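Throw the hints in and build the complete structure from the sequences for me.
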Amino acid sequence: MKIFELFKSIASTDSNESAGPAQYLIVGLGNPGDKYTHTRHNVGFMVLDLFADKFGAGKWKLKFKSLYADVVVNGKRCILMKPSTYMNRSGEAVQEAMNFYKIPIENVIVVCDDITLSPSRIRIRIKGSDGGHNGLKNIIYLTGKNTFPRVRIGVGAKPHPDYDLADWVLSNFKKDEIPLMEDAFEKSVDAISLIVDDNINKAMNMYN
Numbered sequence: 001m002k003i004f005e006l007f008k009s010i011a012s013t014d015s016n017e018s019a020g021p022a023q024y025l026i027v028g029l030g031n032p033g034d035k036y037t038h039t040r041h042n043v044g045f046m047v048l049d050l051f052a053d054k055f056g057a058g059k060w061k062l063k064f065k066s067l068y069a070d071v072v073v074n075g076k077r078c079i080l081m082k083p084s085t086y087m088n089r090s091g092e093a094v095q096e097a098m099n100f101y102k103i104p105i106e107n108v109i110v111v112c113d114d115i116t117l118s119p120s121r122i123r124i125r126i127k128g129s130d131g132g133h134n135g136l137k138n139i140i141y142l143t144g145k146n147t148f149p150r151v152r153i154g155v156g157a158k159p160h161p162d163y164d165l166a167d168w169v170l171s172n173f174k175k176d177e178i179p180l181m182e183d184a185f186e187k188s189v190d191a192i193s194l195i196v197d198d199n200i201n202k203a204m205n206m207y208n
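Using our numbering, the first residue of the sequence shown is number 1, and each one after it goes up by one.
Among the hints, erroneous ones may be present.
Calculated lysine-lysine pairs in the PhoX-like style (CA-CA distance at most 20 Å, straight line) [as the list claims (entries may be wrong)]:
#, residue 1, residue 2
1, Lys-35, Lys-175
2, Lys-76, Lys-102
3, Lys-137, Lys-65
4, Lys-127, Lys-63
5, Lys-127, Lys-202
6, Lys-76, Lys-202
7, Lys-158, Lys-175
8, Lys-59, Lys-76
9, Lys-158, Lys-174
In short, the hints are calculated from the structure, not lab data. As the structure is a prediction and not an experimental result, all values here were calculated from the model.
Put into structure tokens, the structure is as follows:
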């Protein structure tokens with residue numbers, strides 16, 4: 001199923017929930033609300049929905065200032081999270097879930113958009129700066145650390161220097177960009193799976 005059709009799909013049961021401790025927190029960054037659903041700034045949410053569908057996650061529930069779901073990936077229990085705080089306060093949700101599940105920052109995987117990359121390009125890093133991304137900036141500020149892996153997905157630069165950046169990242173993808181983005185989302189799901197399986201270097205070699 002295509003991600004632009006899949007968005008907001010919800011698994012019917014929680015049968016994949018594990019009784020063991022959560023080992024990874026996988027965070028897709030975006031903004032809540034229908035008007036933001038398919039915007040460039042919401043690629044993190046779209047990847048998380050595709051990831052949840054592929055691995056049979058349980059129902060999305062409301063907690064930690066986010067929608068979250070429980071899933072087992074490569075034998076490891078993971079918490080999927082879509083913060084409902086809006087982008088510039090994403091760290092509040094991440095910090096709450098980290099503290100509750102006692103997940104170290106190195107096991108928090110963040111998926112977000114990147115305007116410095118052309119549409120569908122992927123850049124995976126083990127750690128790093130926020131690169132001007134407000135969601136990453138807030139996570140780093142509230143946790144005090146930047147040592148978490150991130151999967152950044154290109155959404156393209158604004159078409160003109162005078163174009164308002166907020167208008168650009170909150171715009172929808174063009175028709176010819178959609179197939180490229182869907183391919184990037186599929187690859188991002190595979191990359192996250194590799195990271196959970198302790199193969200981040202393989203993920204970087206395959207998808208960067």
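Now for the hints, and whether the structure bears them out:
1. Lys-35 to Lys-175: 17 Å, holds
2. Lys-76 to Lys-102: Holds. Lys-76 to Lys-102 sits at ~15 Å (cutoff 20 Å).
3. Lys-137 to Lys-65: 18 Å, holds
4. Lys-127 to Lys-63: Violated, at about 26 Å.
5. Lys-127 to Lys-202: 16 Å, holds
6. Lys-76 to Lys-202: With Cα atoms ~18 Å apart, Lys-76 and Lys-202 stay inside 20 Å; holds.
7. Lys-158 to Lys-175: Satisfied, since the Cα-Cα distance of roughly 17 Å is no more than 20 Å.
8. Lys-59 to Lys-76: 18 Å, holds
9. Lys-158 to Lys-174: Roughly 13 Å separates the two Cα atoms, so the pair holds.
Of the numbered hints listed earlier, the single one contradicted by the structure is hint 4.
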